[in-house]
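Chemist: So the sequence lines, in the order shown, correspond to chains A and B.
Numbered as in our numbering, the first sequence ends at 363 without a single skipped number.
Numbered as in our numbering, the second sequence ends at 164 without a single skipped number.
Everything labelled a hint here was simulated from the structure, so no lab data went into it.
Quick caveat, the model's predicted, so the values are computed rather than measured.
Heads up, the beta-carbon is just placed ideally off N, CA and C, and yes, glycines get one too.
Just to be clear, a hint being listed does not mean it is correct.
DEER-style ranges, computed between Cβ atoms [what the hints assert, rightly or not]:
#1 A:R288 x B:S43: 36 to 42 Å
#2 B:I20 x A:P266: 24 to 30 Å
#3 B:D45 x A:E180: 18 to 24 Å
#4 B:K57 x A:I175: 30 to 36 Å
#5 B:S50 x A:I54: 34 to 40 Å
#6 B:L11 x A:G59: 55 to 61 Å
#7 A:I143 x B:E41: 24 to 30 Å
#8 B:E41 x A:S83: 40 to 46 Å
#9 A:P266 x B:D45: 27 to 33 Å
#10 B:D45 x A:L243: 32 to 38 Å
#11 A:L335 x B:K57: 27 to 33 Å
#12 B:K26 x A:I175: 35 to 41 Å
#13 B:I20 x A:I54: 25 to 31 Å
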Amino acid sequence: MKKSLLIVLLFILSQGIILATEEQHSSEDHAEKKEFNVSSFIFDHITDSHEWHIATYKGKHISIPLPIILYSKNSGWHFFMSSEFHHGHSDYSFNGGKLRLMLEGENKGKIVELDEEEQEISQLPIDLSITKNVAALMISLAIMLWIFIRVAKTYSQQRGRAPTGLQNFIEAIVIFIREEVAKPSIGEKKHERFMPYLLMVFFFILLNNLLGLIPLFPGGANVTGNINITFLLAILTFLTTNLSSNKSYWKHIFNAPGVPWWLKFPLPIIPMVEFLGLLSKPFALMIRLFANITAGHIIILAFYCLIFFFGNIHYTIGLGTSLFSIPFTIFMTLLELLVAFVQAFIFTLLSATFIGAAVEEQH
Amino acid sequence: MELLNPGIGLLFWMSLSFGIVFFILKKFAWKPILNALKEREQSIDNALKSADKAKAKMAEMQAGNQRIMKEAQKEKDQLLKEAKEIKKKIISDAKEEASLEAVKMIEEAKRAIENEKATALNEIKKQVADLSITIAEKVLEKELSDPKNQEEMVDDMLSKLKLN
């Protein structure tokens, strides 16, 4: 009880720290008589980047440099740290060309190769850098490895005993997934095969949702709000569903029983609808998770931005706005905490439902 | 929109690291955890079942005990009843025997008395006869000297004998 209270307090405090650092940022902008650009501020926070920005203090960016890995058809492989770019203010030179981190324009946030005459080469190099999201992803996976291998060890040490400590928390969720998600959706007999995948997806989404809510390193990255991540998760569900499907599932798609023949021939309306459904299911999974998490981040950031937006007019208005914005943000963060669980649950439940439909016995 | 940009790097790292972690966790975490859970559930289930069994057995045993107790009680009652009957019978038998014996003894005594009496009477009779003969001898010695007296005496004696 005391521990959880402490965590909540830390959480609220860290919100305050972020607020303070952002305030520095805004006053800096103010000093330079720059317009405070709300949308770029928000988008910088929810999109991927090549460095892990922590704070800006007196005009200096404090960030963790991340490794850049590039492959270019012209110049081959490049490995260096993102600090070489000096936050995009300088280029990385190599023998026979330069690499530039674009801050504006069509390729904003991307690395563009320049030839000897400083001309942009239109074909972008293949970027396999460890970006902020990749780093956050790896941190979250490392946390997962640490937690679950430890819990599994506790299980083998305490064979048949009552659970203790962290095991309790994990066990409650594992049993919930098994009893409320896997068994009703897939069935008593076949659910065991898919449990590892469902657990992996659930805990991965949950952990990344929660880490995304923590504003400071190692949280703060928008991993589950990134379309690439949700795309891959959706693809995994799609593959799991279709690779484990049985005959009757395909029969229902291409030759649904009980449907009048004229809906299948000569114009295969129902098969087409069914086939579209096959694709739209994972598509919905992808969009749902991405949109929910991103929207949550945008709303929280927007409430903060209100302070600086009004603060730009006069600092007292900004202070006044903060009286409303901070409680609202705390409320939104708590709501996002709920959403973090709900979205992880929904993704897992829908995945289980799709898998269940694919492996269902003919009746 | 930047938000919807595909990122080859992110896709690459995600599929690689997610895949690796998935297979590691599947082998070293998910399966052991799920198996341990299943095992524990089964052991709990078994324990509950055996507890139920034990309970049923206990109830059965208790019922059996009660039955045995009842039977024992019944047997005890029966035994007591029988004992009482036997006692009564023994007493009554004894009484009967005693009375029979008494009757027998009395009878025997009577008979003995009778016998004694008879023997005594016979003795007396014999003595009386002896005495009478002696007396008669004496009297005869005295009386028979006179014939008249002899006749008188014979008559008298004859009449007296008849009386006896």
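Chemist: Run every hint past the structure and note whether it holds.
Modeler: Status of each hint after checking the structure:
A hinted range of 36 to 42 Å holds for the C-beta pair A:R288 and B:S43, which are about 40 Å apart. Distance hint check: the CB atoms of B:I20 and A:P266 are about 49 Å apart, inconsistent with the given range 24 to 30 Å. Taking the beta carbon of each, B:D45 and A:E180 are about 20 Å apart, inside 18 to 24 Å as hinted. For the pair B:K57 and A:I175, the beta carbons lie near 32 Å from each other, so the given range of 30 to 36 Å is met.
A C-beta distance of roughly 60 Å is found between B:S50 and A:I54, which places it outside the suggested range of 34 to 40 Å. Between B:L11 and A:G59 the CB atoms are about 35 Å apart, so this pair departs from the stated range of 55 to 61 Å. Under the hint 24 to 30 Å, the C-beta atoms of A:I143 and B:E41, about 28 Å apart, fit the expected range. Checked against the hint of 40 to 46 Å, the C-beta distance between B:E41 and A:S83 comes to roughly 53 Å, which is inconsistent with it.
Our hint of 27 to 33 Å for A:P266 and B:D45 is violated, since their Cβ atoms are close to 57 Å apart. Checked against the given bound of 32 to 38 Å, the beta carbons of B:D45 and A:L243, roughly 34 Å apart, stay inside it. A beta carbon spacing of about 56 Å between A:L335 and B:K57 contradicts the range 27 to 33 Å that was offered as a hint. As the Cβ distance of B:K26 to A:I175 is approximately 18 Å, the hint placing it in 35 to 41 Å is violated.
A hinted range of 25 to 31 Å holds for the C-beta pair B:I20 and A:I54, which are about 28 Å apart.
When the structure is compared with the earlier hints, violations turn up for hints 2, 5, 6, 8, 9, 11 and 12 and for no others.
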